[in-house]
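Construct all of the structure, not just a fragment, from the sequences and the given hints.
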Amino acid sequence: MTAPAIRKAERPKPSGPREYHFPRFERRHLDNGVELIVAPVTKLPLITVAVLVDAGAVCDVAGREGTAQLVAKLLLEGTERSDGAELTERFERLGASVDAEADWDAAAVSLTALSEHLPAAFDLLGEVIRTPAFRVREVDRLKAERLAELLQLRAEPRGLADELFSRFLYAQSSRYARPEGGDERSIEVIDRDQLVSFYETRYVPASTTIVVAGDIEADRAEELTRHAFGTWSGAKPTRVLADDLPGRRERGVHVIVKPDAPQSELRIGHVGIPRNHPDFFPVNVMNAVLGGLFNSRINLNLREAHGYTYGAFSSFEWRRQAGPFVVSTAVRSDITDAAAREVLLEIDRIRAEAISIDELSLATSYLDGVFPIRFETTAAIAAALSVLVLHGLPDDYYDRYRAHVRAITTEQILEAAQRHLHPDALQMVVVGDPSVVRAPLEAMNFGPTTLYDTLGQPSA
Amino acid sequence: MARYDSTCVTRARWKGDVNRVPVPEARVQFRSMHIPIVTFRLQNGLFVTLSEDHTAPIVAVNLWYHVGSANERPGRTGFAHLFEHMLFQGSADVEANEHFELVQRAGGTLNGSTWLERTNYFETLPSNQLELALWLEANRMGKLLPAMTQQKLDTQRDVVMNERRWSMDNQPYGTWMEKLPALCFPETHPFHHSLMGSMDDLAAASLEDVAKFFETYYTPDNAVLTIAGDFEPGEARRMIEAHFGPIPRGKGKPPLPNMTLPPLFDQWKREVVPDDIMLPRLFLGFRSPVFGSKEYYAASVCGAALGLRNGSRLRRRLVRERQIAADASAFTYDLAKGADLLVVDVTARPGVGAEQLEQEVAYEIDQVVRDGLEATEVERAVAVIQTMFVTSMQQAGERADRLSLFATYFDNPDRLNEEVERYAAVTTESVNNFIRERLGENNRASLVYVPRDEAPGELVGAGAAAASQ
Numbered sequence: 059m060t061a062p063a064i065r066k067a068e069r070p071k072p073s074g075p076r077e078y079h080f081p082r083f084e085r086r087h088l089d090n091g092v093e094l095i096v097a098p099v100t101k102l103p104l105i106t107v108a109v110l111v112d113a114g115a116v117c118d119v120a121g122r123e124g125t126a127q128l129v130a131k132l133l134l135e136g137t138e139r140s141d142g143a144e145l146t147e148r149f150e151r152l153g154a155s156v157d158a159e160a161d162w163d164a165a166a167v168s169l170t171a172l173s174e175h176l177p178a179a180f181d182l183l184g185e186v187i188r189t190p191a192f193r194v195r196e197v198d199r200l201k202a203e204r205l206a207e208l209l210q211l212r213a214e215p216r217g218l219a220d221e222l223f224s225r226f227l228y229a230q231s232s233r234y235a236r237p238e239g240g241d242e243r244s245i246e247v248i249d250r251d252q253l254v255s256f257y258e259t260r261y262v263p264a265s266t267t268i269v270v271a272g273d274i275e276a277d278r279a280e281e282l283t284r285h286a287f288g289t290w291s292g293a294k295p296t297r298v299l300a301d302d303l304p305g306r307r308e309r310g311v312h313v314i315v316k317p318d319a320p321q322s323e324l325r326i327g328h329v330g331i332p333r334n335h336p337d338f339f340p341v342n343v344m345n346a347v348l349g350g351l352f353n354s355r356i357n358l359n360l361r362e363a364h365g366y367t368y369g370a371f372s373s374f375e376w377r378r379q380a381g382p383f384v385v386s387t388a389v390r391s392d393i394t395d396a397a398a399r400e401v402l403l404e405i406d407r408i409r410a411e412a413i414s415i416d417e418l419s420l421a422t423s424y425l426d427g428v429f430p431i432r433f434e435t436t437a438a439i440a441a442a443l444s445v446l447v448l449h450g451l452p453d454d455y456y457d458r459y460r461a462h463v464r465a466i467t468t469e470q471i472l473e474a475a476q477r478h479l480h481p482d483a484l485q486m487v488v489v490g491d492p493s494v495v496r497a498p499l500e501a502m503n504f505g506p507t508t509l510y511d512t513l514g515q516p517s518a
Numbered sequence: 004m005a006r007y008d009s010t011c012v013t014r015a016r017w018k019g020d021v022n023r024v025p026v027p028e029a030r031v032q033f034r035s036m037h038i039p040i041v042t043f044r045l046q047n048g049l050f051v052t053l054s055e056d057h058t059a060p061i062v063a064v065n066l067w068y069h070v071g072s073a074n075e076r077p078g079r080t081g082f083a084h085l086f087e088h089m090l091f092q093g094s095a096d097v098e099a100n101e102h103f104e105l106v107q108r109a110g111g112t113l114n115g116s117t118w119l120e121r122t123n124y125f126e127t128l129p130s131n132q133l134e135l136a137l138w139l140e141a142n143r144m145g146k147l148l149p150a151m152t153q154q155k156l157d158t159q160r161d162v163v164m165n166e167r168r169w170s171m172d173n174q175p176y177g178t179w180m181e182k183l184p185a186l187c188f189p190e191t192h193p194f195h196h197s198l199m200g201s202m203d204d205l206a207a208a209s210l211e212d213v214a215k216f217f218e219t220y221y222t223p224d225n226a227v228l229t230i231a232g233d234f235e236p237g238e239a240r241r242m243i244e245a246h247f248g249p250i251p252r253g254k255g256k257p258p259l260p261n262m263t264l265p266p267l268f269d270q271w272k273r274e275v276v277p278d279d280i281m282l283p284r285l286f287l288g289f290r291s292p293v294f295g296s297k298e299y300y301a302a303s304v305c306g307a308a309l310g311l312r313n314g315s316r317l318r319r320r321l322v323r324e325r326q327i328a329a330d331a332s333a334f335t336y337d338l339a340k341g342a343d344l345l346v347v348d349v350t351a352r353p354g355v356g357a358e359q360l361e362q363e364v365a366y367e368i369d370q371v372v373r374d375g376l377e378a379t380e381v382e383r384a385v386a387v388i389q390t391m392f393v394t395s396m397q398q399a400g401e402r403a404d405r406l407s408l409f410a411t412y413f414d415n416p417d418r419l420n421e422e423v424e425r426y427a428a429v430t431t432e433s434v435n436n437f438i439r440e441r442l443g444e445n446n447r448a449s450l451v452y453v454p455r456d457e458a459p460g461e462l463v464g465a466g467a468a469a470a471s472q
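Going line by line, the protein sequences match chains C and R. The first sequence begins at 59 in our numbering and counts up one residue at a time. The second sequence begins at 4 in our numbering and counts up one residue at a time.
Because the hints were derived from the structure by calculation, they are not lab data. Hints are supplied without guarantee of correctness; some may be wrong.
[Unchecked claim] If you want the ones that stay clear, here's a sample from chain C, every Cβ over 10 Å from chain R, calculated:
1. 103
2. 120
3. 161
4. 207
5. 292
6. 297
7. 298
8. 316
9. 323
10. 351
11. 353
12. 363
13. 451
14. 513
[Stated by the list, open to error] Under 10 Å between C-beta atoms, here's a sample of chain R residues computed to sit facing chain C:
15. 43
16. 104
17. 110
18. 160
19. 314
Note that this is a predicted model, so its numbers are computed, not measured. Where is the CB? At the ideal position from N, CA and C, for every residue including glycine.
Next comes the structure, spelled out in structure tokens:
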């Protein structure tokens, strides 16, 4: 049973590290307000282009949640020149993979292509951003596809737990309380005119940044950008910030009924902090120790010590306003309460006393060491540059990142845990079988327990 | 920031990562991106592939063992995968979970995965940490058993049972992963049974099984090691010889039963599965040529033409134009022994029943069998595959994994550099020949998921008999 003596001396020592820096990038500006960021990376004949527009889901009008995502997706469903099928064909004949999405803070159309196809691909991007057609047929189809997705969600425990967790976390008035892509009520009422009006207001050059990473020089990227976006015009709208107020002052247990579920999908958390919070680095490292790494406290406890789950992790979701802090796991139904208790213990423990130097160094040396591995692809480099744009981070952010991480102390971690983890505000969401989980969860005295159906309506 | 890595059963599908290949137009560039490859074999039989790339201080270590669920004995389904979990529980000089800790402390990422024909273990690290990864892999290849305990086995058994619940039993359509191979391969065939395993078989696994499996399959002569990225070849070779050299060769493994199968099912197989789902979904399988064969490349391009990305035939017809489906895709399993599977995967739109779904998909496939694909459809598929291939080659870990694949199945990692030519050689005619031979009614297997409360009696009756065997 006991592990054999470990002969630490045998372990290989690292040789001297080779220097690495985040790819150099340049900024350019077009007169119409379009910003351009170019990171030349010449390893393979590939380029990623991401067109970011300040038109995320936070811009949705109350009652019409889902507008931002529909607008973003419809960009690829037809332009004035080409219908949806033809447009898709024009992208894919270039071998280009193209996606359009709106997350909370921005809409993005991104594409990766072989560099030889870049001029054509750039012009196509210009065409979809500037002249989308919003044909009624495609509007109706994408609305129907979203409704199908929502229907599927009702039978998908993981997605359902995530969605309803947000709903129980934020105040009714918060955009964050409703799904990014909208729900059944809002999708039904959105019509073409509203989509067009959202597009006309939000998709303007002064709200747009084009990020280019890959086998290209800055001058050439600027030339292509001017060709595709140079004559675009429009006035900049005011930026929308989400309301991020929590919905409840007291703790609560929210059980979504899934009869006979062999596992409970468990979410425990509260409203976190915005991305630009000054405590970002200590909170990030604290979370790595708590539940961010495989060898984090929560995963080692729930998975490796107890065998309760295949995996358990915690995260802060980073948005312009305060996104959720959440611990997520799926556990065998009959030990749902025991697993929840261990999660609460770990949250209390990291607030009660300083973590060990060993735990700190595991987290910081991981975040420090893995840094170059995060940027192996043009898509990853473009995504990293997009983060700079979205949150207005300084240009030397990635150059200073590793030093920031290495400077974190155990005192800062304790302070971060005490300041930003709130045991009294935790909400617990369980998608599972109430005949198994309800009584034990009530016996925990965590908070009042309410049962809901899969639409989130209270049930008996 | 990534959440974390953990051991899991993985399967590359068309959507997502993938690693197929290339084409005509971009030939010049592909030639210039020729991947350097050096191979050698240690005395004990370990096959080694080295592939240098110094653009970033990153190195990938990738080890494939030529053993998977196909090698499991009756009554021990799921064992290859459970065993993979045990490889993270320490070895003679490494404590439980310390493997993860040491690699992450070094700034590395890591994982392992189990498949029908192989099991792999891999790390990507800062290049100055290469020797740590080699030492860790060698330590568990050479000295795993002293660290194995009943308690560790019991815990990992619980973890794997939870993995099964999470990925299959509590996941809509999740059981397709074991039902489709069961439907498509004869009961006596090694690909027939569940990779994840039954709860009963997992419960029956013992420490003795662990020891036996280890001694039989986890030997240097049944493994290939690949290093890709920033390293000095002479130094790497010295480290490999020092750490892996002393591990003794194995005593040989029992041969797999004859894997050969006729080219066609010779019937239209069907199974209906009532499940806790909202929308019907059809997995339509076709027996297809083994991975790596000349005909395989035509099958692979066919899959992409039918169901890769929005411009593919089935997405365009069923999702965009006719609005029968909420989603459609197609992929190959990439099995290198006996026969491969090409799978078309289509989920119904609300209001479309399971029977209608199956009929409409069959209608589209029949049309392709009758008229063939257009040259433009094949060109689109090849162009998309090409970009995906180059994209995936950016990552050291992906390069190493593909090299290990070709080393394991064909003793020939250089085939990675031939992939371009092989895909370039695929013509519209060869794809249409494949379609005519393999996509007909005599070579189909329908796995139909039906919402539990909507399952029409007759349909379920027919399938239930097949399912209950």
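For which of the previously enumerated hints does the structure constitute a violation, in increasing order of number?
1, 4, 8, 9, 10, 11, 12 and 15
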